Amino acid sequence: MIYWQIFLAFFIPGILGYGGGPATIPLVENEVVNRYEWLTVNEFSEVLALGNALPGPIATKMAGYIGYEQAGILGASVGVFATVAPSLILMIALLSLLMKFKDSPKVKKMTGLVKPTIAVLLGSMTFGFIANSFDGIGITQTVIIAAVSYILLEKRKIHPAYVIGGAIIYGALVLG
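In our numbering, the protein residues as written are 25 to 200.
These are calculated hints, taken from the structure and not from any lab test. Just to be clear, a hint being listed does not mean it is correct.
[Claimed, not checked] List time: in silico DSS-like cross-link candidates among lysine-lysine, alpha-carbon distance up to 27 angstroms:
| # | residue 1 | residue 2 |
| --- | --- | --- |
| 1 | K139 | K181 |
| 2 | K139 | K124 |
| 3 | K126 | K139 |
Predicted model, so just to flag it, every value in this text is computed and none were measured.
Throw the hints in and build the complete structure from the sequences for me.
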């Protein structure tokens, strides 16, 4: 029964909390503090503060922690799954619909318009990263990292995870 309660405590806010993690926090608080009384308001605020201090989505961190406190590792798994399940279900449904009508001229036009938009957004983000890099570590270091990364990725065909790891180590040792 506890697993079903954990599932409902995080699935319902996931469905109703339009806007992501921050929008679901009051709904999660209502479930875990008022409805199931797993935490006091004070304890919930501490969990929220801890979740905000860690990287990643707040809702899944809170679900994992509260689920673990109530029912161990399986409880944490149920809580995290319940948090992502509404988005997962909607994505599967929308992708199924998209695949069903993939040959439709309207769908082709829609996906054709989305691709350039994503490219522009990624390009804009990249230029922002480059500008921050110039300001943070300087032009010389930025060019060295970019050139070595290009050679490793494009010429040597090294997996991106290794290149990123190498750049992190370089940054820690040389720039740290």
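### Query
For this structure, which hints from the list above don't hold up?
none
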